[in-house]
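**Q** Chain by chain, the residues run as shown.
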Amino acid sequence: MTKEYGTIVNTVVLPYRWALGQTWTRFFDGLKEEKIYGTRCGTCGKVFVPAKTFCPDCYSDLDDWMDVSQEGTLKSWTLVRKSHFGQVRQPPYALGLIRLDGTDCEFIHFLGGVDWSDMQNAREKLKAGARVKAAWSKEKHADIHDISCFEPLKS
Amino acid sequence: MRKVAITRFAQSAGVESGDNLMDFTYRISKEVLDKAGLKRNEVGCVMIASSDIFHSGLSCANAVDWDGSGAFMIEGTRAEDSMFALIYAAMRILSGHFDTVLVTSIIKGSENPDNDTLTGFFADPFYMRPLGINETTAAAFQMREYMQRFGVSEEQCAKVAVKNLGNALFNPYAHMKKRVTVDDVLNSETVSDPLKALECAPKSEGVASVLLASGDAAERFTDKPVWIKGFGTSMDHFNLGDRDLLNGQLTVAAERAYRMAGIRQPRKEIDLAEICEPYAFQELLWCEKLGFCPDGEGGKLIDSGETQMYRAFPVNPSGGVLAMNPYVSRGLYRVIEAAMQIRGRAGEHQVDKKVRTALAHGTHGFAGQCHSVVILEG
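Protein chains in written order, with my numbering: chain A, 1 to 155; chain B, 1 to 378.
Check each hint, because a few of them may be wrong.
In silico lysine-lysine, DSSO-like type, Cα no more than 30 Å apart, as pairs [as the list claims (entries may be wrong)]:
hint : chain 1 : residue 1 : chain 2 : residue 2
1    : B       : K39       : B       : K3
2    : B       : K300      : A       : K127
3    : B       : K39       : B       : K178
4    : B       : K268      : B       : K300
5    : B       : K268      : B       : K229
6    : B       : K178      : A       : K3
7    : A       : K82       : B       : K177
8    : B       : K300      : B       : K35
9    : B       : K229      : B       : K35
10   : B       : K178      : B       : K354
11   : A       : K127      : A       : K154
12   : B       : K30       : B       : K3
13   : A       : K154      : A       : K138
14   : B       : K224      : B       : K268
15   : B       : K30       : A       : K3
16   : A       : K125      : A       : K154
17   : B       : K178      : B       : K3
18   : A       : K3        : B       : K177
19   : A       : K82       : B       : K178
20   : A       : K125      : A       : K3
21   : A       : K125      : B       : K300
Hints are computed from structural coordinates only; laboratory data are not their basis.
Please take these sequences and the hints and turn them into a complete structure.
**A** Structure, rendered in C-alpha cells:
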C-alpha cells in the first residue's frame with residue numbers, strides 16, 4: 001500500500017524445522033491410519049486429545065494411550081468470512097471446538113458438510129451439542145490435515 | 001511496604017505516524033522525562049514492552065527499543081505485554097533496588113501485517129496454527145459459547161461497540177471513533193461468525209510511556225501522584241481445548257489485585273474501569289469475571305446503561321481497545337487513561353463523578369489466556 005510518507009517494504013520469509021517429539025509423532029502417525037490417539041492421566045483421569053506427553057494440570061507423565069472416538073459433540077464453532085495474509089485457506093471456512101466421546105477436552109478442527117449459503121439452517125444444524133464425525137482426507141501426510149474435517153451426523 | 005506512584009506519562013495519538021519506530025519511541029519516552037524534569041541517565045532503569053519479531057519485524061529488540069527509550073547503558077529488561085512490564089517495574093521499586101523506572105511500550109500497527117496473520121503465530125505450528133486458530137477465531141468460539149451458555153444476545157454484545165466507539169469521539173488519543181447504532185454494528189461485515197467487523201479491534205499505532213517512582217521520590221516529579229495499590233496476573237493453559245473459555249484466569253488475577261489493594265466489594269469500591277476488550281462481547285464477560293456483576297449478567301449490565309461514560313460505573317470512557325489497539329501497548333493505555341481520570345484531567349472524556357479508585361485490565365493470548373489487573377488510587 002502506498003503511503004504519503006517514505007517507507008521501505010520487505011517481506012520476511014524464514015524457514016523453520018520444528019521437532020514433533022515422540023508423542024506428537026505417534027499422534028500424527030495415527031492420523032495416517034485413520035486413528036485419533038489421546039492419552040489418559042493416571043492421576044486425574046482426564047483424557048487429552050491430541051495426545052499429550054504430560055498432564056498440564058497434574059504436571060506428570062502420561063503414558064496410557066487410547067484410540068479415542070471419532071465422533072463427538074460440538075461445543076462452539078465459527079465461520080471465517082474475512083481474508084487475511086497467509087490464511088490457511090480461502091474463506092469461507094468453518095472451525096469447531098469438538099468434545100470427542102470419552103475425552104475431557106475440546107478437539108479443534110475444520111467443520112464441513114454444511115451449506116453456508118443458508119446461515120439460519122447452518123446455525124440450527126450446529127447448535128451446541130450437535131453430533132459430528134471425522135471425515136478423512138484421501139491423501140495423508142501424517143499431519144493435522146489427514147483429517148479433512150468434522151461433519152454433522154444425520155439426525 | 002514501599003509505595004509505588006505513577007508520576008508522569010505520555011501516549012501517542014491514534015493517528016498513523018510517518019515516524020520510524022525508533023524516533024516514535026524516542027519522542028514519547030523523552031516527553032515523559034521532560035515532564036518529570038529528569039535526564040536519561042538519572043532514571044533508575046527502563047522496562048520495555050514490545051513484540052519485536054511479529055509486531056515490528058525486527059530482532060532483537062535491543063537494536064531499536066533500547067536507544068529509543070533512553071535505556072542504553074542504563075539498565076533494563078523487556079516484556080511482551082505492557083501491563084506485565086508495568087507490574088515488573090512496580091516490583092523493581094518495591095524491591096528497594098530502584099527509586100524510578102521508566103516503562104515504555106512500543107507498537108506501530110500501521111507497519112504490520114493483519115492482526116489475524118500475526119496472532120496466528122501465537123499458535124503452535126503442529127496443530128492449532130495449520131487450522132487457522134488466531135485471536136479472532138478463538139474469540140469467535142468464546143463469543144458463541146458465551147451467548148449459548150448465558151443467553152447473552154448479539155445486540156447486547158454490539159452495544160459495547162456502540163458505547164466504546166462513541167466514547168472515543170471525545171478522546172484525542174483514540175484511533176477509531178464513530179457514532180454508530182446497534183444495527184450498524186450488526187450489519188457490518190462478518191469477520192468470523194458471530195463476530196462483526198465493528199466488534200473487532202483495529203490495528204493501531206501506540207507508544208505509551210510511564211514514569212514510576214517510589215513514594216519518597218514521587219513528589220520530585222509530580223504533585224498529583226497516582227498510587228499503584230494492587231496488581232495481579234494469571235495465565236491459563238495454552239491449548240484452547242484444555243480451557244473453559246467462559247471461566248478463565250481473570251477471576252484469579254483480579255482476586256490477587258483486590259487482596260493486595262484491600263478491595264472486598266469491587267463494584268462498590270471501584271469508581272471506574274478501563275478494560276481490555278479486543279472483541280466487543282469480551283467487555284461483558286470480563287466485567288463478570290472482575291466481579292462487577294454476577295456470572296452471565298454482562299448483557300444486563302450493558303442494558304442498564306450504568307457503564308456509559310457519564311453514568312454510575314463508567315467502563316472504558318476512553319473508548320477501550322475497540323477504539324485503540326496498539327497490541328502490546330493496549331494495557332498501558334488503559335493504565336494511563338485510568339490515571340488521567342483519577343487526576344480529573346482526562347479532558348472532554350473526563351467522567352462526571354469523582355474517581356478515587358480505578359481499575360485497569362490487560363489481556364493477551366487467545367480468548368484471554370493471560371490477564372493482568374492493576375488497581376490505582378489518587
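**Q** Next, verify each hint and record whether it holds.
**A** Comparing the hints with the structure gives:
1. B/K39 <-> B/K3: Holds, because 23 Å separates the two Cα atoms, which is no more than 30 Å.
2. B/K300 <-> A/K127: holds, 23 Å
3. B/K39 <-> B/K178: Since the Cα atoms of B/K39 and B/K178 sit roughly 40 Å apart, the hinted pair is violated (cutoff 30 Å).
4. B/K268 <-> B/K300: At roughly 18 Å apart (the allowed maximum being 30 Å), B/K300 and B/K268 satisfy the hint.
5. B/K268 <-> B/K229: holds, 16 Å
6. B/K178 <-> A/K3: Status holds; Cα separation ~24 Å.
7. A/K82 <-> B/K177: holds, 22 Å
8. B/K300 <-> B/K35: This hinted pair is violated, its Cα atoms lying about 43 Å apart.
9. B/K229 <-> B/K35: Distance of about 23 Å is within 30 Å: holds.
10. B/K178 <-> B/K354: holds, 27 Å
11. A/K127 <-> A/K154: The hint holds at about 14 Å.
12. B/K30 <-> B/K3: holds, 25 Å
13. A/K154 <-> A/K138: holds, 22 Å
14. B/K224 <-> B/K268: Distance of about 24 Å is within 30 Å: holds.
15. B/K30 <-> A/K3: The given pair, whose Cα atoms are some 27 Å apart, holds under the 30 Å limit.
16. A/K125 <-> A/K154: holds, 10 Å
17. B/K178 <-> B/K3: violated, 40 Å
18. A/K3 <-> B/K177: holds, 22 Å
19. A/K82 <-> B/K178: holds, 22 Å
20. A/K125 <-> A/K3: This hinted pair is violated, its Cα atoms lying about 46 Å apart.
21. A/K125 <-> B/K300: Between A/K125 and B/K300 the Cα gap is close to 28 Å, so the pair holds against 30 Å.
Taken one by one, the earlier hints fail for this structure at numbers 3, 8, 17 and 20, listed in ascending order.
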